[in-house]
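The chain contents come next:
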Amino acid sequence: MSHVIGLKCRECGAEYPAVIQNTCYECFGPLEVNYDWDYISDHISKEKITSGPKSIWRYADLLPLESEKRIDLGAGFNKLHHAHRLGAVLGLDELYILDESVNPTNSFKDRVTSVAISKAIEFNVKAVGCASTGNLAAAVGAHAAKAGLPAYIFIPSNIELGKIVQMLVYGPNVIAVEGTYDDANRLASEVADSHPDWAFVNINIRPYYTEGSKTLAYETAEQLDWTVPDHIVAPMASGALLCAISRGYKELERIGLVDSADVKISGSQPLNCSPISCAVQNNSEVVPVRKFETIVHSLAIGNPADGYYAKKTILDSGGFAATPTDEEIIEAIHLLARTEGIFTEPAGGTTVAGLKKLVESGHIQRDERVVVYVTGNGLKAQDTLLKSLQRPPVIKPMLSEFEKLETPKLDIHAHKEPLLART
Amino acid sequence: MSNVTHARETTLDIGDTTVKTVLDNLIKQFGPDFEKRILDKGEVRRFVNLYVNGEDIRHLKGLDSAVKSADEISILPAVSGG
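As given, the protein sequences belong to chains Z and D, one line each in that order. 0 is the number of the first residue of the first sequence in numbering that gives the first Met the number 0; add one for each residue after it. 0 is the number of the first residue of the second sequence in numbering that gives the first Met the number 0; add one for each residue after it.
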């Protein structure tokens, strides 16, 4: 007996065994893991979770692994910050941030990758791989190294230098593809198809991989003492993360770990590549975007596979979606860093900028308990941020030189400008 | 699709045409099992992506997109994130 029955098509319900497969043979729809919820309910408890590892694996009863073998670098079990200062600036009484920038390779992708590579080991594969805009590449590189498996990583050729340095250092085979992420993903799909004993974490073993993102919801609820927020905001690339977070809350309600999963789910995408947000705002079909240019490379997916489900999840829950500009996103990175001491990359800036817009438009109310998911670390995108930062003044090592610098008045709610050299 | 077509690729010799005509030919060749996986009430299914020389047909003219005799048509599931 197991907690996993098999795989099931999200579109037509066709069922399959738990093998390496991500697409339904009947309708090309996406497959998801089909759990035995009675078995899970009988085996899980808050006490068991509390005494579990300080990582996503405390939630192993809700993840699709059969064996005890884990490739675990310690993803998850991250701090849910009570963001008093950012909340005050934005006009929110109770705001929390789950800071994913502190994961082993500094993004939430460590959660999904730990699950996927552990599952790949169960499938006894010869190699692992992925298509990535950067964060997943690093996570796969690191976890493949930990597992001792070769890795093949397909990236668009234009992503941030910091992410390229990070993925290369783990020693995988990195293939930079001329074109967009969509082009890199399509090629990786064809490679996966011709190498059935390679596990591409976000392609042919995607149903297992996406389960890792549910742990963001589990951790939020556990740190809120097994209650749920009123509203969450997440960034959207393919839409899979947002859908998994929603699913995570619903599962907790299903097995009785929380009383209610009545959470409004809102999303944010950069204005220049926002197929899902636009569909939510206009209540229209998700139309793929062909040409786009944004600084938010990690969310730049023109044809999001989970777009339809993300839109439905948002609208069904009473949430909404925002489309901040690249400038608003940079400002939000600064705002988050200066109020809460968290340095995020543009995807995290997109979430905070989206939160700000949703509060301003009235889609999020002052008295709602809000959680935002800040998904990656700003150190990976330093080249993007350089232009918006002022170099520090260089002065002679004399007290009198320091005292000549202009120092602004202190205001605990305002942004602090950096010290400026007098001209 | 190879569970229905028993091949990863196939070649048609029908000259300059449209995507719709190519599909009609493939349906004649591979039967209703092929059709029901690609189309739902005559429209391309939500999770099926059709490309002509790497260009998504939704950015061209949909099923009426032009296909020249040496063009390559790909049928792939939707793009997942990373």
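The hints are simulated quantities; they were obtained by calculation from the structure and are not laboratory data. One or more hints might be untrue.
To be verified - Quick list of simulated restraints, FRET-style, between CB atoms:
#1 D/Asp63 / Z/Ile174: 54 to 62 Å
#2 Z/Ser156 / D/Lys67: 24 to 32 Å
#3 D/Gly41 / Z/Glu326: 40 to 48 Å
#4 Z/Gly178 / D/Lys67: 46 to 54 Å
#5 Z/Gly73 / D/Ile26: 48 to 56 Å
#6 D/Asp32 / Z/Asp196: 21 to 29 Å
#7 D/Lys67 / Z/Val286: 54 to 62 Å
#8 D/Asp32 / Z/Glu93: 51 to 59 Å
#9 D/Ala65 / Z/Asp41: 26 to 34 Å
#10 Z/Ile174 / D/Asp12: 28 to 36 Å
#11 Z/Glu326 / D/Gly53: 26 to 34 Å
Glycine is no exception: its CB is placed at the ideal position from the N, C-alpha and C atoms.
**Message:** So, against the hints stated earlier in the document, which numbers end up violated here?
**Reply:** 1, 4, 7 and 9
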